[in-house]
Amino acid sequence: MNRGAPNEGAMNTAMGIEARFQCRFEDFALDVTLTLPGTGVTALFGHSGCGKTTLLRCMAGLQPAQGRMVVNGECWQEDDFSLPVHRRPLAYVFQDTGLFPHLSVAQNLHYGYRRIASGARQIDFDQAVRWLGLERLLDRMPQKLSGGERQRVAIARALLTSPRLLLMDEPLSALDDASKQDILPYLERLHDSLSIPVIYVSHATGEVARLADHIVMMAAGKVTAQGPLQETLARTDQPFAGEDDAAVIVKATITGRDDRWHLCLAEFGDRQIWLRDDPRLSPGDPIRLQVLARDVSIALNRHRDQSIQNLLPARVEEIRQGRQPGTAIVRLVSGDTPFLSQLTSRAVEQLALSPGMAVWLQIKSVAIVG
Amino acid sequence: MGPEWQAVWLTLKLAAVTTALLLVIGTPIAWWLARSRHWLRQPVAAVVALPLVLPPTVLGFYLLVVLGPDGLIGQLTEHLGIGLLPFTFEGLVVASVIYSLPFTVQPLQNAFAAINPQLLEVAATLRASPRDRFFSVVIPLARPGFLTAAVLTFAHTVGEFGVVLMIGGNIPGETRVLSVAIYDHVEALEYSQAHWLAAGMLAFSFVVLVSLYSLNSRFGNGVVR
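Top to bottom, those sequences are chains A and B.
Position one of the first sequence corresponds to residue 1 (the working numbering), numbered consecutively onward.
Position one of the second sequence corresponds to residue 1 (the working numbering), numbered consecutively onward.
Hints in this document: simulated from the structure, not taken from any laboratory.
None of the values given here were measured: they were computed from a predicted structure.
Think of the CB as a built atom: it goes at the ideal place given N, C-alpha and C, for glycine as much as any other residue.
Treat the hints with care, as some may be off.
Derived CB-CB ranges, DEER-like [what the hints assert, rightly or not]: (1) A/37 / B/129: 27 to 33 Å; (2) B/114 / A/136: 56 to 62 Å; (3) B/9 / A/136: 50 to 56 Å; (4) A/130 / B/13: 54 to 60 Å; (5) B/114 / A/74: 35 to 41 Å.
Negatives, chain B to chain A, calculated, CB over 10 Å [unchecked claim]: (6) 20; (7) 150; (8) 203.
Bound conformation, chain B alone (with noise of 0.2 Å):
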């Protein structure tokens, strides 16, 4: 495989690593978001929020820092036996994670809130226990939600720099990834090979995005909100 290649590779398996990972974790956030009153609320909407506002680089740093062998995290991880997680896939996307919060959480959160709170107090009028109502009621009419933030935190992760280049740098076949392969050749004046990943990856976006839209309408069409 060549090193383009491997750079495509490794970021597509980033970012499905990360889009899993996410929609486990999000989902709960996003449901006690949606629906809790708790005084907590707030803050914890502002922090999965963070990392749309902070440049990559500050949370980059950071995450180096409490990764790193003097970090909390780091000093745990080591203990584990786990070994120390800057400057591996491992790290990247523990990073991607973090980073992709927002892309996730959000749109489940406003899909969750769409929902009308009676369906559930319907469903347990129809014997269906909490854990039931969920999967058989807010999952499948908050199915466009997960559509949204899947494809918005898959296409997320594929174009992130300035965290990879932070917490990852750029070994082949662990951490580098397409959109540092593309500053590399920029950086080197390699302008043709820079073109041809530039446009894939223009190209992959703008597909990405055509086939959320026309799913979304489909299943819109199907559902009443």
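Excised from the complex, chain A in its bound form (with noise of 0.2 Å):
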């Protein structure tokens, strides 16, 4: 968004996110020590009560912790210093909007704007309404919008304070299915053109497969992985590669269209898959594929006969236990690129799987998230 502006904090951006938090609650205690990139969009995931609000909060200052907090060579909070939230060049997008009720959109979007000193803005204000498609909404009320405009006006709104680091509390899960779609294309627009750190809880796969590049996953006030989205997703001892919904994201690229079948070859790497077309989609666009471990199989030899289209060269790395007796999760790497496999145990031992081997993956479907 001010990819024109001069950015000051260039140089600071190697330093990165800095963010060490302990407080204790009745029934739970929040423990972490994190270091996130300085740009780019990090999830914070996990189920819901594993406290990942609760850190978004310590960071923001609106839950008192003890702790340190540091953005890009700035502190936040140190030992006994602690800036008061309004003090903190931060930006918070709530679940649920808290778009102030007794002024227009208009009004809402300049209530944080109007309190930034001019000098110190980078996103003008026509700027923000254009990006969030609010041209028409200026005038109304919070209460005449759809949840999914309640939620674009809030982001704006947000934007508007020319932040340092960008909160968002799961901000699409109050949202249906139909403003979820409606807002997330938004998302991903910020992600492309901002330049400021983004941090994102959620604890929908999907969200996150699209939205983040960095992942924090966590577990009853803790981090239980932490890395690079692709890598931490693909790895066998993360927390939800057990699950029925673990996946891994494939980076990949647009490359190719057959009209005859309605298929279009997306390649990552030296390998190339195949995909139902999408009108959208033109070749050079890049692309990112996720790939659910229980829609991967293995075979020994590159069976023609059957329905599979997509097969894929392919070594394995690991086997681990599933969480659910009688499952297995393999970890596979096709040219570079890792994938999860859930299998059962039997199929396991029937293959004779071991680390090392060479085998053919068979991916069944494939989504495309963004």
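Build the complex: two chains, separate frames, hints provided.
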């Protein structure tokens, strides 16, 4: 968004975000130490009640906690020092939007904007309005908006404070599917053109797959795994690997199209995969594919007498017991791209799978997530 | 100005001054009562509500004692050169402020409690300081509460009698308010004058309440709670 503006933080971005927090509640304790990249979208991912929203509130200063918070070289909290919320140059998008009911859309947008010194503004009012498609909504009152529209206003209002860190607390979870589809493209554009770091709390794999670059997995107030999205999701020891919606993300490029069969070809590394055609895609487009572990099966030989179209040569890297008895989770690498496959333990034994083995991956279906 | 008009004018002046003072004093008390979890909250709430249950004469009696020459505050005011407050307009104002306190605090407290606390967090993340949040979020959202508080306080002060009689007496132009004037007329069997004032008050009260309700429902439509 502020691509054209000189980026004074550019030198510091390498320093990233340091967050360390401890706080105790009656039934739950948060104890987290994180070093996050200073750009891109980091997903805080975990089941509800794992403490991800509490952590986000600690970062914002909304939840008092012992700890330390440094954002790209700027210290917000350390030892006895803690900036009050209104002095932290952050923006926070709440789950249920928190639009002021006594103010119109335009007045809501102006609320934060006019509290920023004009010299410190990096995002122009009209730009944000255009960006989130709010031109025709400016005079409306919040209660006359749909759920998706409300969330778009909340996002624009947050951006208009020219934050140095954008915190988003499940911004889509209160929305129905149609509104989610309405708002996801806006979030993607945000991701593609915004240079400020975003921390995005979510429990929905689809959203994370689509938006995140980096992922922090949490359970019971602690971090269980973290790292770049693609790598981390493909780890067999991450807490979600054994679950039903375990999946990996493949970053690919559209390279071709087959009009006769309504398919298009996506390439990643030196591998190719066929997708169902989508009129919005054209050659050269970068896409993210989500491949569920349960949609990946393994064959020892290349079978041509079966229906699955996407067969890739791969190597077994690791085999691990699944969460359910009698299941196994296998990590494979095809080219440089990791995949997970969910199998029964019996299949693992019958195929005599072991690390290092060359096999064929059969991918039953692929979802384009972004 | 005839004595009747003098009583009307005095009553309106007393009610206006009391309402203005109480909005200033009652707002922080109501805010604290609505938000605090301090152990003193319940006792303070009870003290604020006392004038609702006490007979006005009891309140007036104690005020007379405390503000009088032997009372703590009486000695203080004399020491400060203000003189004694009983049987003066200022004394009436002090008494009215205490007597009408619950009528200001309770509507405000309810209005504050109805504000979603998340909106204050939102305002904080949008760079509003605590003071700024109070003026830009709390006051506009509690506007119907402020209106109710102001109207109830004003009307209740106009209608007070027992406290006034105890602490103000019946000095024309100083403490002789409408309700006392009506009482005097009735005592003197001047029913037509009493009617004139009483009917006026009845009409006044009715108009006040009707405008309050219609204003509140108009605000209510604009604001989702």
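message: Just want to verify: residue 203 of chain B was marked as not at the interface with chain A; is every Cβ pair farther apart than 10 Å?
response: holds (34 Å)
task: Take a look at whether the Cβ-Cβ distance between residue 114 of chain B and residue 136 of chain A falls inside 56 to 62 Å.
output: Violated, at about 31 Å.
field: Interface-negative label, residue 150 of chain B against chain A, beta-carbon threshold 10 Å
entry: holds (18 Å)
task: Kindly confirm whether 27 to 33 Å is satisfied by the beta carbon distance between residue 37 of chain A and residue 129 of chain B.
output: Given range 27 to 33 Å: holds, Cβ gap about 31 Å.
No chain A beta carbon within 10 Å of residue 20 of chain B's: Nearest chain A Cβ is 24 Å from residue 20 of chain B, so the label holds.
- prompt: Would you say the C-beta atoms of residue 9 of chain B and residue 136 of chain A sit inside 50 to 56 Å of each other?
  reply: Given a distance of about 54 Å, which is inside 50 to 56 Å, the answer is holds.
message: Against the range 35 to 41 Å, how does the distance between the Cβ atoms of residue 114 of chain B and residue 74 of chain A compare: consistent or not?
response: With Cβ atoms ~37 Å apart, the hint holds.
- request: Hint says 54 to 60 Å; check whether the CB-CB distance for residue 130 of chain A and residue 13 of chain B agrees.
  value: holds (56 Å)
In summary, the one numbered hint that this structure violates is 2.
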